[in-house]
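Engineer: Protein chains in written order, with the working numbering: chain A, 799 to 1062; chain B, 259 to 586.
It is possible that some hints are incorrect.
Here are some chain B residues pointing at chain A (derived, C-beta under 10 Å) [as the list claims (entries may be wrong)]:
hint : residue
1    : Leu284
2    : Phe450
3    : Ser507
4    : Gln569
Hints listed in this document are in silico derivations from the structure and should not be mistaken for laboratory results. Where is the CB? At the ideal position from N, CA and C, for every residue including glycine.
Chain residues, written in single-letter form:
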Amino acid sequence: MCGDQFLSIYYGDEGSFEENVLAIAHGQAIEEARMEGVLETAVTASSILMRYNPSLIDGTELMGQVKEVARGVRRAKGKMRINSAMVTLPMFYDDPWTRECAEAHHVPPNLEVIAKFNGIGSIEEVVRFHSAATYWVRYVAGPGLVGLIPLSQERVLLAPKYERPRAWTPSRTFGLGGHVTSYYPFEMPGGIQLLGRLPVPLFDATRSHPAFGESPAICHIGYRIKFVPITKEEYSEIEKNFQNYEYHIERDVFETELKGDEGV
Amino acid sequence: MFEILESGLMTTVQDLGRDQYFSIALVKSGVMDTFSLRVGNLLVGNHTGEAGLEISVGLKVRALSPTIIAITGGDLASKINGADAPMWETIKLDKGDILSFSSIRSGFRAYLAVAGGIDVPVLFGSKSTYVSGRSGDLGFGGFKGRPVRKGDILEIGRPRKPIDSFEFRKVKPPLIPKFKDVWTLRVVLGPFEYFLTERGLETLLKHPWRVSYRAGRTGYWYDGPLVEFKERADHQLKGAGTHPSNCISDGVPVGGVQAPFGVPVIFCPDQSTIGGHVKLATVISADLDKLGQSKPGDKTFFKEVPVNEAQEILRRSQELLREENLFI
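Chain A extracted, bound-state conformation (with noise of 0.2 Å):
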């Protein structure tokens, strides 16, 4: 229970993989059951939140319904069926604005300290290391801010933390903290390494772009991501023309075997 229009659902404390998978499932179990009464439900990396209108169902009878779902996609043994896409996203890896960014903060280029950090020769390298993986969209953690974990990495790269927080990033910029790539939608604080930029933004509260159209949002928690370097005369004429664009976004079903057995 969390107050009285609210249920937590917690899938473990570690925050591991497992437990991110288990409540996503759980989670689009929960939405398709479609129970009386219940308003919302939220996914985050580890837990589910959910709204419920108290005067039509009561919360420990909603309680005893989750958990009955629960139990549906458990028997399903170790395979999990998630509901998924697949996007590609073109970033300007080491562009101009996020140098500029390190420059005003008194740091040097963040793919430098990257580079560094993982006793990588060079930039290239570690654009390469980065752009090989795939992605998976572990949490939202406010309006388009996504956290992406590598599913699969030729090698893994992480970084440290800012000393001191940044007072500013770029718009539409991604960085790495730890194993952790994330984005950064608007010009905000951050402390993380910057990676290079995009051409086209992934949260609209406007919805000028018809991709826009079912959800402020192109990246959804569940959600796989691979990023293709582009040139800076690439960004520039992708965002040129970005009511032309095409976002690349392929939705199918991620499956995978989870091992032991997390209960609820």
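Chain A is already provided as a structure; the job is to place chain B on it using the hints.
Structural biologist: Coordinates of chain B only, in the frame set by chain A:
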């Protein structure tokens, strides 16, 4: 139309906020005291969720056209052309009238409801302002995504009926909330109150907390002793932070109580929907309005109630809002 002559501490356009966006982690925003806005709207013939102004002390506005209004919420010594303005009843402003809110008599936030509502674009199903950024200019919604400033002109929507046909109504005096400076906020404990030591839980529920001067629309912080946590279990994620109040970020509703590093804070409408510290309790829905009227320096007690009692209190408070119950 209204012209802002003085902005005061912070005045924003707010309605009841944005629901249904937890899954994209969009802040709720909306008024801190829903009862006052709803009643104000009923007094001026609006639907209860229409947008009005949430006012902190210091606001001064001029009516640029005849307007039906109601002032509710905290008593900020509101005056029309320098004479005391009545609260909790329908009033008419003439063109040129100046409405001011000069000092706090009781409560913390006053509400101005206007027949027709404040006319700003609807974003995510709401006209509420989300204030963000150090200079308050990184937000969205409401009037240009920021608090109002001197010189702003606020447009008003079309009233439901012609201005001369308005019924002037008053709220029954016993139903007008009395705001003092000592509060009891009832909470439903959990899910993680057991992260506290016995002494920590006692501190949370017994100490007379002071509303901190950092309290605002993002969160209400409280001054007092540190709330004591148990040692963190070994298996818990190390990256989540060193203090045992940390956890893997999860969804937090408005009213959620955390104690990062032992200092209690209640999540308010402009706070992110996600928090990285364990939820110890949640303020019951019926008491959130009280939270919105408590001011820095006020004393606050947290009192535990069972969830079914909280829901019963919520039902009763919703009954109160029926028009036939409210007005003289």
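Engineer: Compare the structure with each hint and give your call.
Structural biologist: Here's how the hints hold up against the structure:
no., hint, result
1, Leu284, "holds, 5 Å"
2, Phe450, "holds, 9 Å"
3, Ser507, "holds, 6 Å"
4, Gln569, "holds, 4 Å"
In summary, the structure agrees with every hint in the numbered list given earlier.
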